[in-house]
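Student: So the sequence shown is numbered by this note's numbering: it starts at 1021 and just counts up by one.
If you are wondering where the hints come from, they were derived from the structure by calculation, not from laboratory data.
Positions of the beta carbon are idealized from the N, C-alpha and C atoms, including for glycine.
Check before you lean on any hint, since a few could be wrong.
Said to hold, decoys possible - Computed spacing ranges between beta-carbons, pair by pair: (1) Asp1040 <-> Glu1168: 28 to 34 Å; (2) Lys1235 <-> Lys1206: 41 to 47 Å; (3) Asn1062 <-> Ser1310: 36 to 42 Å; (4) Ala1039 <-> Lys1060: 18 to 24 Å; (5) Ala1322 <-> Gln1223: 39 to 45 Å; (6) Gln1230 <-> Lys1201: 26 to 32 Å; (7) Val1035 <-> Met1209: 18 to 24 Å; (8) Ala1105 <-> Pro1202: 45 to 51 Å; (9) Lys1235 <-> Lys1325: 30 to 36 Å; (10) Glu1234 <-> Lys1060: 18 to 24 Å; (11) Glu1164 <-> Gly1101: 44 to 50 Å; (12) Glu1069 <-> Met1209: 23 to 29 Å; (13) Glu1057 <-> Thr1237: 14 to 20 Å; (14) Glu1069 <-> Gly1101: 30 to 36 Å.
What the hints assert, rightly or not - Subject to a maximum C-alpha distance of 30 Å in a straight line, what follows is the list of computed BS3-like cross-link-like pairs (lysine-lysine): (15) Lys1171 <-> Lys1206; (16) Lys1098 <-> Lys1282; (17) Lys1235 <-> Lys1282; (18) Lys1098 <-> Lys1065; (19) Lys1206 <-> Lys1303; (20) Lys1303 <-> Lys1060; (21) Lys1065 <-> Lys1171; (22) Lys1098 <-> Lys1146; (23) Lys1060 <-> Lys1235; (24) Lys1282 <-> Lys1296; (25) Lys1325 <-> Lys1098; (26) Lys1060 <-> Lys1098; (27) Lys1303 <-> Lys1065; (28) Lys1235 <-> Lys1201; (29) Lys1206 <-> Lys1261; (30) Lys1235 <-> Lys1146; (31) Lys1146 <-> Lys1171; (32) Lys1303 <-> Lys1201; (33) Lys1102 <-> Lys1261; (34) Lys1171 <-> Lys1201; (35) Lys1102 <-> Lys1296; (36) Lys1060 <-> Lys1146; (37) Lys1065 <-> Lys1201; (38) Lys1261 <-> Lys1098; (39) Lys1102 <-> Lys1303; (40) Lys1303 <-> Lys1325.
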Amino acid sequence: MSRAFVFPGQGSQAVGMGADLASAFETARDVFHEVDEALKQNLSKLMREGPESELVLTENAQPALMAVSVAVVRVIEKDGGKALASLASHVAGHSLGEYSALVAAGSLQLSDAARLLKLRGQSMQKAVPVGEGAMAALLGIELEPAQEACKEAALREIVTVANDNGGGQVVVSGRTIEAAKPRGAKRGMLLPVSAPFHCLLMQPAADAMQEALEKVTLATPCVPLVANVLAAEITNPADIKRRLVEQVTAMVRWRESVQYMKTQGVDSLVECGTGKVLSGLVKRIDREMSGLALNTPADIEAFLKTA
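When you get a sec, could you build the whole thing from the sequences and use the hints?
Tutor: Okay, structure coming up:
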């Protein structure tokens, strides 16, 4: 059996993210500096000090989350002396986390990822004005009844399943909470995001990403990427680019991705970056699998002792 490294998506950002890593490791500071330089923006200061109202904006949250994820992996590799390929058989990321996964696996350059994610966030926000559209997490409901609720709500607006996270958690783009309650949803929560992602409203953003990705060189990742839109592994750079474009408007098939990794012998998911969302979902998807979150220097130190 083996482990996979996984990378969180939007919603895990928080003021102070990465600060302890930067204090403890020059390697992490180098990552944050490179991202700042690529964006010509003091993103690391925004991550460290806020304000939260700016950090949660999609164009800032996406490169910020990627930066912390990559910092964790670089510390493991440079300071811990452990190459990713020796620790994991696969990488996967939730939505924007795919970019983090590709940087970690040596497929995408850090500076290119920062610029792509800045553009991705800006394009997603432009596609739908701030305040129009919403996303909600539905708890206690599975994919099919959630899709039925979306169809009912879609009589009034575009509503669709954005993320099939598994374990009774489905995220929808659009206002679906009331329609979902009669179908088993125990609770619905609006998410702190500034646009409705992974739906057809995002097509202008997908077009922008296709144009931008054509100008970027990708290498074959050192371990396969389990793609959001396929719930299966890919390694061909041209295929990876195509799937990155598709995932802007398509559903994130996270539950199926985790199940696929299990069929490939993965029994443990190691979440690199900010928060514990993905490591917390693992047991709810498959009780035989385990999850571990690497957020802090202490987390990394403990992991390296057993890796």
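Student: Now tell me if each hint is right for this structure.
Tutor: Do the hints match the structure? See the list:
At roughly 44 Å, the beta-carbon separation of Asp1040 and Glu1168 lies outside the given 28 to 34 Å, and the hint is violated. The beta-carbon spacing between Lys1235 and Lys1206, approximately 46 Å, falls within the hinted interval of 41 to 47 Å. Take Asn1062 and Ser1310: their Cβ atoms lie about 38 Å apart, and the range 36 to 42 Å holds. At about 22 Å, the beta-carbon gap between Ala1039 and Lys1060 stays in the expected band of 18 to 24 Å.
At roughly 44 Å, the beta carbons of Ala1322 and Gln1223 sit within the given window of 39 to 45 Å. The given range of 26 to 32 Å is broken by Gln1230 and Lys1201, whose C-beta atoms sit roughly 38 Å from each other. At about 20 Å, the CB distance of Val1035 to Met1209 agrees with the hint of 18 to 24 Å. Taking 45 to 51 Å as the suggested C-beta distance range, the pair Ala1105 and Pro1202 conforms, at roughly 48 Å.
In this structure, Lys1235 and Lys1325 break the distance hint of 30 to 36 Å, their C-beta atoms being roughly 42 Å apart. At about 22 Å, the beta-carbon gap between Glu1234 and Lys1060 stays in the expected band of 18 to 24 Å. Glu1164 and Gly1101 have their C-beta atoms about 47 Å apart, which keeps the hinted 44 to 50 Å range intact. Glu1069 and Met1209 have their C-beta atoms about 27 Å apart, which keeps the hinted 23 to 29 Å range intact.
Here the CB-CB span from Glu1057 to Thr1237 is close to 19 Å, well matched to the stated 14 to 20 Å. The hint said 30 to 36 Å for the Cβ distance between Glu1069 and Gly1101, and at roughly 32 Å that hint holds. Between the alpha carbons of Lys1171 and Lys1206 the distance comes to roughly 19 Å, so the proposed pair stays at or under 30 Å and holds. Between Lys1098 and Lys1282 the CA atoms are separated by roughly 29 Å; this keeps the pair inside 30 Å, and the hint holds.
At roughly 35 Å between alpha-carbon atoms, Lys1235 and Lys1282 are farther apart than 30 Å, so this suggested pair is violated. Between Lys1098 and Lys1065 the alpha-carbon distance is near 24 Å, which keeps this suggested pair within the 30 Å criterion. Proposed proximity of Lys1206 and Lys1303 is supported: the alpha carbons are some 19 Å apart, at most 30 Å. Simply put, Lys1303 and Lys1060 have alpha-carbon atoms about 40 Å apart, too far for the 30 Å limit, and the pair is violated.
Only pairs whose Cα atoms come within 30 Å are accepted, and Lys1065 paired with Lys1171 is rejected, the gap being roughly 43 Å. Using a Cα cut-off of 30 Å, the hinted pair Lys1098 and Lys1146 is violated, with the two alpha carbons roughly 38 Å apart. Straight-line distance between C-alpha atoms of Lys1060 and Lys1235 comes to about 19 Å, which keeps the hinted pair within the 30 Å bound. Pair hint Lys1282 plus Lys1296 holds up; C-alpha atoms about 20 Å apart against a cutoff of 30 Å.
Of the supplied pair hints, the one linking Lys1325 and Lys1098 holds, its CA atoms being roughly 15 Å apart against a limit of 30 Å. With a C-alpha separation of about 26 Å, the suggested pair Lys1060 and Lys1098 falls inside the 30 Å cut-off, and the hint holds. Using a Cα cut-off of 30 Å, the hinted pair Lys1303 and Lys1065 is violated, with the two alpha carbons roughly 35 Å apart. With a C-alpha separation of about 45 Å, the suggested pair Lys1235 and Lys1201 falls outside the 30 Å cut-off, and the hint is violated.
For a cut-off of 30 Å, the pair hint linking Lys1206 to Lys1261 is broken: about 37 Å separates their Cα positions. Using a Cα cut-off of 30 Å, the hinted pair Lys1235 and Lys1146 holds, with the two alpha carbons roughly 22 Å apart. Of the supplied pair hints, the one linking Lys1146 and Lys1171 holds, its CA atoms being roughly 25 Å apart against a limit of 30 Å. In summary, the hint linking Lys1303 to Lys1201 is supported, as the alpha carbons are separated by about 24 Å, within the 30 Å threshold.
Taking the CA atoms of Lys1102 and Lys1261, the gap is about 28 Å. The hint holds against a cut of 30 Å. In summary, the hint linking Lys1171 to Lys1201 is supported, as the alpha carbons are separated by about 14 Å, within the 30 Å threshold. Taking the CA atoms of Lys1102 and Lys1296, the gap is near 22 Å; set against the 30 Å cutoff, the hint holds. With a CA separation close to 21 Å, the supplied pair Lys1060 and Lys1146 stays within the 30 Å bound.
A threshold of 30 Å between alpha carbons decides the hint, and for Lys1065 with Lys1201 the separation of about 41 Å lies outside it, so the pair is violated. Restraint check for Lys1261 and Lys1098: the C-alpha separation of about 28 Å stays at or below 30 Å, so the hint holds. Restraint check: the Cα-Cα separation between Lys1102 and Lys1303 comes to about 26 Å, which is no more than 30 Å; the hinted pair holds. Distance hint between Lys1303 and Lys1325 is fulfilled; the C-alpha atoms sit about 23 Å from each other, no more than 30 Å.
Hints 1, 6, 9, 17, 20, 21, 22, 27, 28, 29 and 37, counting from the list given before, are not met by this structure.
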